[in-house]
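Enquirer: Please construct the entire structure, taking both the sequences and the accompanying hints into account.
This is what each chain is made of:
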Amino acid sequence: MNFEWSGVWDAMPTMLDGLLVALTATGIGYVIALVLGLVFAFMRRSESRWISMPVGFLVEFIRSTPLLVQLFFFFYVLPLIGISVSPLATGAFALGLHYATYTSEVYRAGIDGVPQGQWEASTALNLSTRRTWTNVILPQAIPRVVPALGNYVIAMFKDTPQLLAITVVEMLGGAIAIGSETFRYSEPIAAAGLVYLVVALLMAWVARMVERRYGQVRV
Amino acid sequence: MSSGLMSFIWEGLANTLLLTVFGALLGLVFAFIAGLGRSSERKWVRGIAMVYTEVFRGFPSLVLLFVLIFIIPTFGFQLNPLIAGILALALNIGAYAAEVVRGAVKAVPPGQLEAAIALNFTPVQRLRKVILPQAVVAMIPPFTNNLIELLKATSLVSLVYISDFTFAAQLIRASTGETALVFFGLLVGYGIIALVFTTAMKLLERMAARSLGRTVPSGLFGRKEVAA
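If you read the protein sequences in the order shown, they are chains S and W. In case it helps, numbering that gives the first Met the number 0 puts the first sequence at residues 0 to 218. In case it helps, numbering that gives the first Met the number 0 puts the second sequence at residues 0 to 227.
Think of the hints as simulated: they come from the structure by calculation, not from any bench. None of the values given here were measured: they were computed from a predicted structure. Among the clues, some could well be false.
Pairwise CB distance ranges (calculated) [as the list claims (entries may be wrong)]:
{"id": "1", "chain 1": "S", "residue 1": "M11", "chain 2": "W", "residue 2": "T198", "range": "43 to 51 Å"}
{"id": "2", "chain 1": "W", "residue 1": "Y160", "chain 2": "S", "residue 2": "M11", "range": "25 to 33 Å"}
{"id": "3", "chain 1": "S", "residue 1": "R48", "chain 2": "W", "residue 2": "G102", "range": "33 to 41 Å"}
{"id": "4", "chain 1": "S", "residue 1": "L57", "chain 2": "W", "residue 2": "N119", "range": "50 to 58 Å"}
{"id": "5", "chain 1": "W", "residue 1": "G102", "chain 2": "S", "residue 2": "T166", "range": "35 to 43 Å"}
{"id": "6", "chain 1": "S", "residue 1": "R211", "chain 2": "W", "residue 2": "S39", "range": "22 to 30 Å"}
{"id": "7", "chain 1": "W", "residue 1": "I191", "chain 2": "S", "residue 2": "V205", "range": "34 to 42 Å"}
{"id": "8", "chain 1": "S", "residue 1": "S45", "chain 2": "W", "residue 2": "R213", "range": "32 to 40 Å"}
{"id": "9", "chain 1": "S", "residue 1": "A176", "chain 2": "W", "residue 2": "P132", "range": "46 to 54 Å"}
{"id": "10", "chain 1": "S", "residue 1": "L57", "chain 2": "W", "residue 2": "P132", "range": "34 to 42 Å"}
{"id": "11", "chain 1": "S", "residue 1": "T166", "chain 2": "W", "residue 2": "V195", "range": "48 to 56 Å"}
To give a feel for the contact side, a few chain S residues facing chain W, derived at Cβ under 10 Å [unchecked claim]:
{"id": "12", "residue": "W49"}
{"id": "13", "residue": "Q117"}
{"id": "14", "residue": "W118"}
{"id": "15", "residue": "A199"}
Backbone N, C-alpha and C fix where the C-beta goes; we use that ideal spot for every residue, glycine too.
Expert: What follows is the structure in structure tokens.
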């Protein structure tokens with residue numbers, strides 16, 4: 000059997016549908032990861048060991064186990080406890096939860112990177128806890144975390160093909176669907192790979208732009 | 000659980016460990032070639048190394064796995080599935096680890112290289128006796144992250160019908176119907192393997208640092224590097 004480039008071309012409309020699904024999963028997942036990661040980071044900083052220890056353990060556990068198994072877990076177990084949502088929603092949630100453990104580390108490093116004197120100065124100026132965070136700490140912590148957070152969008156996008164395991168038809172899933180109709184798998188899979196590569200490189204380029212714009216600490 | 004099902008688990012576990020260990024070793028080779036290649040004096044070497052890291056970091060590992068298992072055979076190269084799996088995982092993780100190698104080599108103080116040149120060391124001696132011993136210590140913590148990523152990525156091979164730990168769990172789920180228990184057990188299993196690997200790398204880091212006369216703060220759950 001030989002490789003036909005026209006087959007790659009023919010798969011493109013399906014790929015664009017798949018791309019939309021992949022981007023939806025990435026987008027929803029990313030919002031979850033950003034918010035949940037911040038929650039994890041705050042809870043790990045909690046003064047009560049009863050909060051910081053279990054959350055720390057949970058974050059380490061989620062971080063060190065495969066996303067694929069987590070996808071299966073949520074896909075099969077959520078319906079058992081009476082939550083039935085679409086596979087895409089399950090996938091986006093699992094993706095978001097998985098990457099929240101990464102973003103929480105990034106936030107933590109960003110917050111720890113703010114010099115101790117900034118906290119002391121805020122105390123000396125009698126700023127409230129809220130004002131200390133919003134006006135002093137976060138404006139300095141966020142630019143530090145922008146580059147790493149940008150990289151995780153790309154990483155999440157590249158993990159979306161795993162959603163095919165829970166019946167979500169993204170690009171790789173679409174390629175396999177075409178293959179099962181035409182009995183030619185090579186061309187559609189190559190098409191999927193090409194689109195993933197191009198979009199991921201494009202995202203990396205955008206991330207570098209954002210980094211250049213917002214990634215510097217301004218005093 | 001019957002002993003037949005148990006043997007699936009052991010086989011799957013063995014394959015997962017095999018994929019992780021050999022994927023890591025082969026990935027390490029790719030990482031050093033590409034990572035050192037990026038600081039080569041020759042432009043074409045730098046170019047090839049850069050294309051490798053950019054392409055394989057931009058390519059989802061699952062798609063890479065599908066390419067090696069389903070597309071490459073159509074060109075007449077029939078790879079053993081397990082070897083194809085190791086190769087796909089190694090190409091992917093190698094591209095990430097290459098960045099670690101590059102960063103660690105760059106982080107060695109320039110005075111060290113200048114001193115080696117002043118002492119009339121050959122390029123190979125500079126690398127072997129001066130740069131690498133210092134750079135390797137800095138590489139180990141980020142390599143630990145890469146290793147755990149690799150361990151997690153090995154579960155993808157179950158989607159191309161290689162009988163790894165996840166694949167074995169799927170078989171058991173199908174034959175016993177115990178969904179929640181099986182997948183939770185699988186997660187715990189991966190968590191334990193990851194803990195073993197992390198502990199081993201921590202010991203390795205301490206040994207490498209001691210050989211340079213430095214000490215590493217103790218504690219397994221000490222501060223962790225954030226992957227860039």
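Enquirer: Hint by hint, note whether the structure agrees.
Expert: Here's how the hints hold up against the structure:
| no. | hint | verdict |
| --- | --- | --- |
| 1 | M11(S) - T198(W): 43 to 51 Å | holds (48 Å) |
| 2 | Y160(W) - M11(S): 25 to 33 Å | holds (28 Å) |
| 3 | R48(S) - G102(W): 33 to 41 Å | holds (35 Å) |
| 4 | L57(S) - N119(W): 50 to 58 Å | holds (56 Å) |
| 5 | G102(W) - T166(S): 35 to 43 Å | holds (40 Å) |
| 6 | R211(S) - S39(W): 22 to 30 Å | holds (27 Å) |
| 7 | I191(W) - V205(S): 34 to 42 Å | holds (39 Å) |
| 8 | S45(S) - R213(W): 32 to 40 Å | holds (33 Å) |
| 9 | A176(S) - P132(W): 46 to 54 Å | holds (52 Å) |
| 10 | L57(S) - P132(W): 34 to 42 Å | holds (38 Å) |
| 11 | T166(S) - V195(W): 48 to 56 Å | violated (33 Å) |
| 12 | W49 | violated (17 Å) |
| 13 | Q117 | violated (20 Å) |
| 14 | W118 | violated (19 Å) |
| 15 | A199 | holds (4 Å) |
Checked against the numbered hints above, the structure violates hints 11, 12, 13, 14; every other hint is satisfied.
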